[in-house]
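Visitor: Listed here are the chains, written in short residue letters.
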Amino acid sequence: MIPALIVFGYLGVVLYIGIFAFRRARDRGAEEYFLAGRSLGPAVFLLSLFGTNMTAFTILGSAGHAFANGIVTFSLMASSSALVIPLTLFFIGTRMWALGKRHGFMTPVQMFRDRWECGHIGTAIFAVQAALLVPYIIIGVMGGGTALRGISGGVIPFWLGGAIVATVVMSYVFFGGMRGTAFVNTFQTVLFLSFGAIALVVIGRGMGGFPAAMESLLASPATAALLTRERISPWYYFSYTFIPLSTIAFPHIAIFCLTAKRMVQFKRTVIFYPICLLAIWLPCVFLGVAANSLRGLPAIEEKLEARAALAALPPDASAVDRGALRRQAAGDDVVLVMLDTFAPLWLAGILGAGIMAAVMASDSQILALSTMFTEDVFTFYGGTARFGENVQVQTGRIFVVLLTIVAYVIALRAPQGIFDLAVQYAFSGYAALSPLLVAALFWKRSTKWGALAVTLWVAFAVIYTSQVPGALAWYGLLPVVPMTLISAALMVVVSWVTPPPSAATVGRYI
Amino acid sequence: MNRLLLVIVVVALYLLHQDFWLWREARPLMFGFLPVGLAYHAGYCLAVALLMWTLTRVAWPVHLEGAAPDTTRDGRR
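Taken in order, these protein sequences are the chains called A and B. So that you can map any letter, position 333 of the first sequence is 772 in the numbering used here, and since no number is skipped, the others follow by simple counting. So that you can map any letter, position 39 of the second sequence is 198 in the numbering used here, and since no number is skipped, the others follow by simple counting.
Next up, chain A with everything else stripped away, as it sits in the complex (with noise of 0.2 angstroms):
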């Protein structure tokens, strides 16, 4: 129970920044609340970021995939990140950052609409933004309540785990809006850069050291596999760098790239981001893998055992058999049980806490689809002429009370595996959405009709790739491949077919 303590001190200073945030913003308007009023300095636009793109996935995915997918996990997520995510902040990024300081905006539909002269194109291209970003927010709800559950011994059930997460994440939104978000996002950030390197020293101690465990797993062939990459294809690896291109289309993040005071402070941040990316990265995949050789364990060796009996499962095997076994070998608490095993009481607390901070990442989603609603639709049709600012930043606040209900009770109801999937196919709609911002910032013949083809196929892919396995899974590639290059083909070629825009609004762009 010490450990759970310890995590809801954390939950507490976390309530605490939030609302600090919301007694310094207090009746500065729709900027303020939504965009931080573009003033977030340096440090904090920095650690916030990444804290943004980093969610439960990170520490606990990250060294479950690991266990059970080895090394290849590393370069397959965090490598191509490294490389890809800064280009796209750097190219993509730095000139959001000028149009929105310029011409006032505060969501890239906003952008789309006035740079190719529409209207309900905008309000389309919303529906599929938020459509793919609700499942994060779900998920989130779910790495709560699974998280305080583990954290606490079981004692704290999965419902009411959920239901503090979401409260908290819920409130420091509410009340502190983007600055609240930003400062806590940047103390979870330091809190979970921690985390890796304090686990990685606590447990390689507790192990007897890690040369020793990676002699073990190399000596016996049903485990020196994960230490290379043989079981992988090298057009599937490819396929894993386009995936990267989701970061700057997700909302959450092209919003946050508005809120910098100045340009310069996109430098550090691509400078850095790579080196958070290793730092918090390069543990959890290595603590993943590490985690093979630990037999002595009941809870690793029963995992082996079923990773084991999965694979002399024959073709014929009933899905209730193999989806048991999946879920018995999957590895997403390792983390966790080596903390148990390895870390005094205090120190897992500590660095349950740091887990925490990962899975409470879906508060810029819920900001982010606040933000939407209330520029995007209640701006755009009236509401604030109508009815002022001030209703607005509180329908805001409504909204994100709304929201955050809708997914704590659907979090009850539904399994897990549903939206994992989702997240899955979310990531690849955001990276085939990537050419509308490309188009938008760099390509003067680009038009509203391209950016509604583009639209309308991400909302079909996405359906068409859930329901048919191994749909656009072309020679071995990823479907984000052939959704991606599709998409970029149909800006073209439909731009080029259609009227553009009047020059005068393509002369304020490029």
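By construction, these hints were calculated from the structure, which means they are not laboratory data. Glycine included, each C-beta is placed from N, C-alpha and C at the ideal position. Nothing false has been slipped in among the hints.
Derived contacts from chain A toward chain B, CB cut-off under 10 angstroms, selection only: (1) S514; (2) S519; (3) Y676; (4) I714.
Derived CB-CB ranges, DEER-like: (5) A/E741 with B/F190: 26 to 36 angstroms; (6) A/A658 with B/G202: 18 to 28 angstroms; (7) A/W785 with B/H222: 50 to 60 angstroms; (8) B/V170 with A/Y820: 38 to 48 angstroms; (9) A/G558 with B/M189: 53 to 63 angstroms; (10) B/F190 with A/V848: 43 to 53 angstroms; (11) A/R462 with B/G202: 37 to 47 angstroms; (12) B/V166 with A/W785: 49 to 59 angstroms; (13) A/A943 with B/P220: 17 to 27 angstroms; (14) B/V166 with A/G558: 31 to 41 angstroms; (15) B/P220 with A/Y820: 33 to 43 angstroms; (16) B/T213 with A/L786: 37 to 47 angstroms.
Position chain B relative to chain A; hints supplied.
Guide: Here is chain B on its own, set in the frame of chain A:
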């Protein structure tokens, strides 16, 4: 010329992510415990940080910064 060189470096780094020459190698274990494939990609992250530092030094879009007024939507500074 500078711009072309930077494009070449960025593309080269993208291609270096596909380190097929280490695909089946676990050894040598760097520092006695880090498989070579993992150590390569850790170094890759540091190389990207160096690239980004270079880009911010020689290709920073200064014109964008000058074009944006330092005001909020409602005109406050």
